[in-house]
Structures are given as C-alpha cells and as structure tokens.
Amino acid sequence: MTIQTPAASIQAPAALKPGEAHTAAPTKPASMGASVKRSDARPKVIGETRYGGDMWVPGMLWCSVVRAAHPHANIRGVDTSAAEQIEGVVGVYTGKDVPGTNMHGLIRRDQEVLATTKVRYMGDAVAVVVAKDRRTAEHAVGLVKVDYEVLPGIFSIDDALDPSKPPIHDHGNRMGGQKIRKGDALAALENDCDVIVEHTLETQSVDHAFLDVEAGMAALEDGVLVIHAAGQWVHEEARLVALALGLPLEKIRIIQPPTGGAFGGREDISIQIYLGLAVLKTGKPVGIAYTRHESMVARHKRHPLRIHYRLGAKRDGTIVAAKVEIFADEGAYASTGIAVLRKAASHATGPYRVPHIHVDAHGLYTNQNPTGAMRGFGACQLAIAYEAAIDKLAEAIGMDRVALRRKNLIGAGEMVTTTQRIPVVSIQECLDEAARRIGWDNRDYTVDPAKPWLKKGYGISTFCFGLGYGDGFPDASRAKVRLNDEGLVEVYSGGVEVGQGIHMMCAQVAAEELGVDPTSVQVFLADTGITPEAGSSSATRQTFFTGNAVRLAATELKKVLYDVALRILPVHPEDLAVADSFVYDREEPARRVTFLQLVAEAKSRNLPLEVKSHYQPNTVTAPTETGLSPRVFITYLFGAHACEVLVDTETGQVKPLRIVAVHDVGRAINPQLVEGQIEGGVVQGLGMALMEEVVMKDGQIMNPGFTDYILPTIVDTPPIEAVILEHLDPEGPFGAHGVGEPPLIGTPPAILGAIHDALGLQITRTPATPERVWRALMEAKKQPAKV
Amino acid sequence: MQFHQPKSLEDALRLKRELGTDAYFLAGGTDLVVLRNRGRVKGQHWIDLSRVSELDYLEERDGTLQIGATCPHARLEGTRFTALAEAAASVGGPQIRHRGTVGGNVGNASPAGDVSTALLAFDADIELRSATATRRMKLAEFFLAPGKTAIAPDEIITAIFVPTDVRSAWFKLGKREATAISVVAAACGVNAAGKVHIALASVAPKPLRVTAAEEMLAQKGLTPETARAAGDIVRETIKPITDHRASADYRLDTAGSMVTRLLTQLSLN
Amino acid sequence: MLQDRAREFSGEPSWTVDFTLNGEPKTLALDPSWTLYEVLREQLDLIGTKGACLEGECGSCTVLVDGVSMNACLIMGPQVEGKDVLTVEGLTKQGALSAVQQAFVDCGAVQCGYCTPGLVVAAEALINDLQHPTGEEIRRGLEGNICRCTGYMKIQQAVERACELRAAAK
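Protein chains in written order, with the numbering used here: chain A, 185 to 971; chain B, 275 to 543; chain C, 6 to 175.
Just so you know, these hints were derived from the structure itself, not from any lab. Keep in mind that the hints are not guaranteed to be accurate.
Unchecked claim - When the alpha-carbon atoms are kept at most 25 Å apart in a straight line, the in silico BS3-like pairs for lysine-lysine are as follows:
hint : chain 1 : residue 1 : chain 2 : residue 2
1    : B       : Lys469    : A       : Lys881
2    : A       : Lys965    : B       : Lys494
3    : A       : Lys640    : A       : Lys435
4    : A       : Lys635    : A       : Lys965
5    : A       : Lys576    : A       : Lys787
6    : A       : Lys787    : A       : Lys743
7    : A       : Lys966    : B       : Lys281
8    : A       : Lys465    : A       : Lys435
9    : A       : Lys302    : A       : Lys435
10   : C       : Lys98     : B       : Lys281
11   : C       : Lys31     : A       : Lys221
12   : C       : Lys98     : C       : Lys175
13   : C       : Lys88     : B       : Lys281
14   : A       : Lys742    : A       : Lys796
15   : A       : Lys280    : A       : Lys329
16   : A       : Lys212    : A       : Lys639
17   : B       : Lys469    : B       : Lys494
18   : A       : Lys498    : A       : Lys435
Treat the numbers as computed from the prediction; the structure is a model and nothing was measured.
Please take these sequences and the hints and turn them into a complete structure.
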C-alpha cells in the first residue's frame, strides 16, 4: 500500500538564490510527539479509499468457496459436475487441483487448503467455484455435492478431555500445553498461606468483527501472481501461497490494500490461496468477497478458556503463591493457538510479585472454529482471572483493593511470572493515576432513590503485557529509507496498516531522525514486491520493531547525507545537522545544502541515497516444562484501568458510566493515534466484558451476523479517559514501545470487578450478559452468603 | 424474483389478488431485504409499496390515532403515546427507524416485534383491505403464530387504529444499551376508564397479552401493590422458551419485573 | 499495477428509474432484484458506500434519501424512483471537505476508515436536523453505525467540532 503525500502541498525547499543568506538555523518541523493528521484520513472521509472488496478490473471472474456441511465428517467424494454445468461457471476446483502442498497454517501447516479426506469444523473449505460473476458463483456453490460420512463431534473442552470421544486429528485431541514452575507453589499453598482464594472463570469465543469483510482480487502480471488481499503479515502469506501453489516466491507478489481493521483476525490466511489457485487455473483476474456470515463461520476466533485460579497470601495481603490451571478450546486446527496458550501461561500472574507459581495450560482440539490470534492474545483472559482472584483476596482479608494491589505490584528490577526481570516498571504510577482519576478514595455509591433496584460499583485493574512474539521466536523487522529524486524521504516497510496508523509512525520516526516535515515523508507498506519484511502487524510489535528498523535506516541515511554534504560544504563533520530538509552547519547555519542539492550531488557521483536496516533483538525460549526464561519478551507494557458501573439488579443489565485507562506507552509518537488505540481497545474490551459472544451449538454458530453477534455502539460507550504516561523505553524508538493490545486487556477485569463491587458476587462466565448477572443474583439468593 | 411497483392501493390489491400467496408486499425492506441478503428470497413476486402514498400517513382524528401501514417507525418517535414512541425508537438504529414501517412490523408478526407489542398495550385495532372488502379487528386477534396472522392471501394491512386515551409505558431488555433485538420487552397501557393492558414481546410465539393479570387489575384496580401482584401473575402465566438469545427462566422473571415496574410507574402518575 | 475501474454490469437491466444522485438527475436502467447498495457499488462504482453486515446493523452503507439516513443495503433499486439520493461521494463539493468530513480528519475520528463514510453521512443528517445536538442526541443519532476501531470518543468529538465549523462558516 502506498500512502500518498498530499500532492501540491509538499515542496522541498529551494536552493539558496545568489545573494540570499540565512543566518538562523533551519527549524526542525514538529514530528516526535506531534499529533500529525493521518495522511489517509482525507481519502477515507470522502469515500475514495478502495479496500479489498472495492477493487475490480474488466473481465474479472469471481470465486466462491464451498464450506463444510458438517462440523466433523469424512469426505467420501466430491461431485462438481452439476455446478460445472451452470452457464458462466469457469471451473470448480477441489483439493486435488491444488498444485503444491495442499496445506496451510501459521505455526503448524495442519489445515488442508481444500479438504480432501475430512472436515473438522463448519468453516473447512472443500472446493472453490470460479464463475463469470458473483451471483453465478454463489449459485453454483450450492450445487457442489459432497458425500460425507458424519462423525460424532467434539463440541466442548469436556468432550475433548473425554478419552472415549473420537479423535479429531490422528494424534488425538490434545494440541499441546505449557507449564510454569517457579518455586514450589503446591507446597507454599499447603504450608505458607494464611488465606487461599479460588476462582473459576470461563471465557467466551469472540469474533474480531472487523468491518471490512475478507475480500480482494488477484491477477497475473508479467508472469507474476499479484494478490491484493488484506492480511497481517504479507511476507508470510506469500510463503503460504507459494507452498500451496508450488510456485517460487519471486512469482508471487502480495499487496495489502487499505484494510478495515484486523485485531488478529487476519493473521491466519484467508482468501489468498483461493484467489491464487483461481487465477492459476483460469489465467484471468479473479475477485472474491466473503459475506459476514461466511467470515464468521470460516475464520478463527478468540480462545474460550476455562481457568481455575488458586491464590494464596499472608493475612497482611502479601501474595505467596498461585496455582493456575488453564484449558483452552483450540478449535479444529492449530492456528496460532499454541502461542496464545504460552502467552496465557506467561501472563498468569500479571504484574504481581508472586514467589511461587504453578501453571498448567492445556490446549484441546474441538470441532469448532480454530482459535488463534486476537488482540490480547491469551493475556486478556488471564487478566480477568488474576484480577478476580485479587479482588476476592481483598474481600477475604478486608483490605482495600487498590492498597492490596499496591502492596503486591512489582517494582523496577523485579520478576514477572516467567522470572524475567523488568528494568523499567511504572505499574504503581499507573495504578495511582487510575485510582485518583476515578475518585477511588471518595467513591460515591448513591443511586436514584426512585430506582432502588440500581446498584453502583467501582472496579480497578492492573496488567502487564509482553511485547513482540517473544519466547525465542525469530522476531525481526527490516526497513528501507531513501531520499527520492525530489529530495523527499521515502520509507519502505513490509508492515501492514490496518487502521492503527503504522504509516504515521514510520513517517514520524523517519522525519524526526532526518529533520523533515513528517507529512512530506512517503511511506510504502506491505507489498512483497517492493517492501522489506517487517514481520506481522500483531503482538503490539510494529512501533517497537519497525520503529527501530526505520530509525536505524534513517540514522544511517543521515550519515550518508552528511558524507555527501561534506563534498559540498567546508564544514567539520561533527558540526553537521539536519532540519527542514537542509543539511547545515550548526556553528554557521548559513552554510547549508538542501536535500535536493544532495540528490544532485549524489547522482553525479553515483552514490545511492538509500539505506536498508534489519532490527532483530533476541528473546529466550521458555521451556514447555518450566515456562521460565530470563527474557521471554523484549519489553513489558504496563497499565491500569478503573471504571464505575451501574447494575440493574432485577434485569441484570450493566451500564458502564465511566472508564479511566492509564497506559505507559514509553513515548507517544503521535498522541492522537495513541488515544485512538486506547479508546478503541477499551470499547473492544467492553464488548468482551458485557456482550460479545459467538454462541455455538453442536459445532454451528447460532449468531453468525450482527443482529445477534452484539457489538458495542456509541450508545454503549461511556466517557473514556485515555491517560498516556511516558517512561521512555531504553530500547524503543525514541523511547516508544507500543500500545495496541493492553487497552483491551485492562477493560474486562475492571468492569467485572465493578460488578463484583456493586453486587458482592462475581460473574464467572464472560460476557457478563444481563442474563448471567441476573442468574448470579438468583443463585446468591438461593444460598446463604459465603464468608 | 419479479418486481412490481403499483402507484395506488387499488393497483396493489389487484396485483396481490392476481399473484396470490407467492407475492409479498415490500415496504421498508428491513425484514424482507435482510432475508434476501442472507440468500433466502421470500416469494416469486415483490409488490413494492413505496409509491402507494395512500398508506403513508399518521393522523389523529376523533380520539383515535390512525397509522397508515407504511408510516415509518421514526414518525412515531416524537409522539405523546409513550409506549408507542419508545417502542418505535427501539426498533433499531435511526436508519432502520426511518425505513421500517408499522404495517411491516405488525404484518411480520415477529414474536420480538417491538411496535406490535406496544400497540397491544393500547388495545389497537388493525384494518385489512382486499379488492372487494375492508375489515377491522383487534390486533390481539390478528397475531396467530410466529410470522402467521389472520390476514387473507388477497388482503393488505391498510391502517392501525390506536385509542388516544391511553397512558402507557415501555421497557425493552436487550443485550446492550443501544437498540438490539429484544430479549424481552414489555408495554403497559391504562385507558381513561382505568382498563389496563399488558403486552410482552419475546416470551411467546407471538406478541402476547397477559389477560390474567389484566383481569386481576380490572377487579382490584391499579396500585403499587397490585402492580407487584400483576408481575407475579405474569411469572405464573407466560411460558417463554430458551433460545440462543436468552433462557426461559430469565425471560419469565424479568418479564414479571418489567411489568411490575411499568405498572408501578403508571399507578403513581 | 491493476487498474481500479467499474465492473461490467452483470445484472438484467429490466427496470428504469429516474432519480437524483448526488445532486445530478439520473435515469438508470437497473436490475430490480438488486439493492441500492449493489447498484451504487457494482453498477456505478460508487464504492464509498460500504457494507459490513447487510442486515441493517452496522450502518456502513448509510446514504441519505430525501435527506433522511437509511441503509442502502435494505433498499431495492426501484425504490429510489423520484428520490434524492446522497452518498458520501456527494458530500465533497469541488474537492472541499464538508464540515463533518473536515472534523473527522481533525479529531482523529478515522482509523481503519471502513465505517467512516457511513458515519460521515449519518452525522451529516444528524446535524442538518439538529444544529447543535447534545451529547445524548449525537449518541442516539449515531447508534446505527458500528465502529470497531476508535471507541467512538473521537467520533463524538468530531460531530461536536463539525457543528462549530458550520457555525463559524455562517
């Protein structure tokens, strides 16, 4: 994707005219820390931006996918003849038509592109139809006959644990696991604790529900298969397409079109291979677009987890030990499931000082949607669990919830769950700020006396989040920064823009380093034909990784510019500086050359004004059996949320009244974009806490559309105070580290904690729908209160 | 699918008689077109009412509010008929309320029909017309089952008649603050003679009147105490189902609470 | 690079409508089984009208019909006969952004941007009807539009800002 500079408005400064003299140093345009307006906002507000589903060319064919008719069945045969006979159908392709290896998957290549022997959930693809237009293709899809031998299904964690149930995969229904063994939690819980609290939590399946449903097009151009499709890691998608289609990588180019949200939901490959296959078979351009229904049925979801938490402490509130058991519904295929499970385990005790930790996490296959990446990535479910346990502990020992947290939060140099020591820890400050802003010490519980069924509550949460893939997984970003013939800075990165604003981050980092106006920087993203690999836009990693890569390249480019400048200017190298597209002498600012002059000089001497960079810090794998490592993640982010809710005790409705979200982002490169990330994450967290849930019955989604998959609207959103703290990260670009996932993570525990505060009981299944809250109240009425 | 666009009610009725049960009237499209977009096109023929201006009106005359069948929900929102105005405002987002019609809501006979339920609390009448005859009946008798009504294949809904002497109240319970499909909704109305009507959505196969509670109130009068008793009768009477939106016991209990709340409010005003 | 161009019309143009589209009178032969959403996008290449749910819940396809916000995905093509239809493309006059569009840019109300055209159109109708809506009126006026990215705060600010911009322009 190319982010175009607003044409006429940007001009490189002209060279000095004869007789003209500057005495003052050129001014560096504001970049770092400036809320520079998004360059893509204008085309978006006027409706000009073409997303994947908005692209088409003359003669383009259409591709539609035949999905499984059963959640678990052997395929005896596929009869495509009736579909092929429809006028306008160009071809119907099954697994045996896939020219390369008929497999894909992000971590394990365990899912057939087009299922040949077995379907394992309703979203499995069995065939693709290519026809002259969408309506013909969709009609023909209904005529593809698949002969199934229906198998009993695995539809829950309990089913998957039941050895008498049939295996979904040859290796059974256990996908993998992760342990943490720090100290001896079992003994400590037995011997060293005055108080033990237990909490069992079941979290739900969540759909990413980005608005821009999977759609795109592909065509052959000069023998290269060019695919316009939105993913989160174009280079990896190119590798998966190459594997499935048996093509060399250089014959594949993936270009990310402008993209309407992702949130982890585009990490698994979607339409790319189908499009490539259709183009290879027909030689024509081909388009595809899922419906919302198909998107929900076919795509991966957030992991439903069942978490058993035991937390032991001294009477004074000092936490001693935690024992955590996690069961994850991984769905039908691996997806990024094992990584999510490991992240869940590594965040099992959050930002708390817990000497003894014992975690067992189990991933289990079911005949439901694969579960994989989604904003929060396992850490958000655990945050609900540990915060609920801390609240329960506070209740048990009669201690203020904020005070109890303050007592147990780690400080600088202390360890998180994995024994990694964190040098910069701002969690105490985040907590204090959140508590202050919500008015914790003067909480007001009064409600309208005419409505005695209402109750108010306050919740608080603290959390941490390890940034990047971590865990020893190779994690790198490459960038290219150059000066073009107009003297303008260009940045190339394979990172994808899905709404978060990576292009602005790239522009502002490069502009800061090179002293130019950030709006003059041209950013080229996510095109495997022209941009270097940057890894995925996920794991809250792009600001840190690509920000560093861009900064490295920009720093080097600056050196190159100085070298060229020294050929023109009689200046001491140490006195050189850049600002406003000039290289100038700090001591005598009138001595200066424009970038344009440097371009001319470099051209005449055949010097390239282009630098490539590679940023790849290392992490250390945590063994499956212990989960311990001195550096599981590059760095940790901290934050605290607080909220105030109103609960209707007759209907169970929960209305958030106010949410405070405090985040230490290291450095806010663009504060307006950071606030946008925080506010957006909070509302997704609100959806997860209160309403969003993919309802499954016997492997079928009961609510595959927005009528029944309920998303928060503006009316459901209370005022959100996004508070940015900046403790510069020593390794981050200009001290920044990132903000993507934490705003979601902090929200559900704060809201659920507020419900607990209002009602004196905890909701143990998310989302806390009106019915679940009502049911909890009913059950509490039935039995005498526990002490 | 064949499309027809009559310019008068007479033409619409003639088409309906010719095309029979395979023809569907299209107004706002907030149900019919949703189904079509999901790949489930109803009927071979669609008779579009967007140019039949005779059906698009809202007027108050002789103590009756007369609502033309294609009057959009949005037009009811600002009216003084509380339950009706609030029910109309809760049908969906503004775009849906500008488009969806009262006749469509009633004609679909969805168990979750918000406006239909509110109309029951007013003890409204419905007017049906065929090419040859016009008849009027109680709306409560019009609803038979989910999607099934007393309409004949050659008839069209022309109007709803709403008594204007009814004080009313409305409560809709969904899964979010913004409008969403109801889990339970309740409407209560009290007319000038003190007669109380209680209606519920999403607790039965059709929008439901709770006559047992109404009869109790007719005998004992409406007070905060009888309001509570009416809620209990609701809990004893209705037989909601469990589906993917909510469980039966939840619907049962909250329907009772809502009715008590609404009646208490009406008893105090 | 691939060209972006209108797709060939693949329907059966058996119906003619006369209507006004973005200020211009238009006579169009269309397939009566197509929705306005499909006609705008697939036939006229007005791709600013988006669709994320096609069941009237997300508001991405919001257009104004005679000044009133509606979901284009639920309107059948022939139903625009005689109507004045305004899409997001019609809001920009000679390249100048409307007050709402400018405010969305200024306030950071745009992230992925997929909901943006629908929201901009809905907001336009809202502040045409109520010159100075209260916060509650803004929320109620935009409850038919889902945004998955921004958390709505900046959208609300943008609508407030748009009212100021309009007032200042008078």
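Outcome of the hint check:
no.: 1; hint: B:Lys469 x A:Lys881; in the structure: violated, 44 Å
no.: 2; hint: A:Lys965 x B:Lys494; in the structure: violated, 31 Å
no.: 3; hint: A:Lys640 x A:Lys435; in the structure: violated, 61 Å
no.: 4; hint: A:Lys635 x A:Lys965; in the structure: holds, 20 Å
no.: 5; hint: A:Lys576 x A:Lys787; in the structure: violated, 69 Å
no.: 6; hint: A:Lys787 x A:Lys743; in the structure: holds, 17 Å
no.: 7; hint: A:Lys966 x B:Lys281; in the structure: violated, 62 Å
no.: 8; hint: A:Lys465 x A:Lys435; in the structure: holds, 15 Å
no.: 9; hint: A:Lys302 x A:Lys435; in the structure: violated, 31 Å
no.: 10; hint: C:Lys98 x B:Lys281; in the structure: violated, 35 Å
no.: 11; hint: C:Lys31 x A:Lys221; in the structure: violated, 37 Å
no.: 12; hint: C:Lys98 x C:Lys175; in the structure: holds, 17 Å
no.: 13; hint: C:Lys88 x B:Lys281; in the structure: holds, 15 Å
no.: 14; hint: A:Lys742 x A:Lys796; in the structure: holds, 12 Å
no.: 15; hint: A:Lys280 x A:Lys329; in the structure: holds, 16 Å
no.: 16; hint: A:Lys212 x A:Lys639; in the structure: violated, 54 Å
no.: 17; hint: B:Lys469 x B:Lys494; in the structure: holds, 11 Å
no.: 18; hint: A:Lys498 x A:Lys435; in the structure: violated, 63 Å
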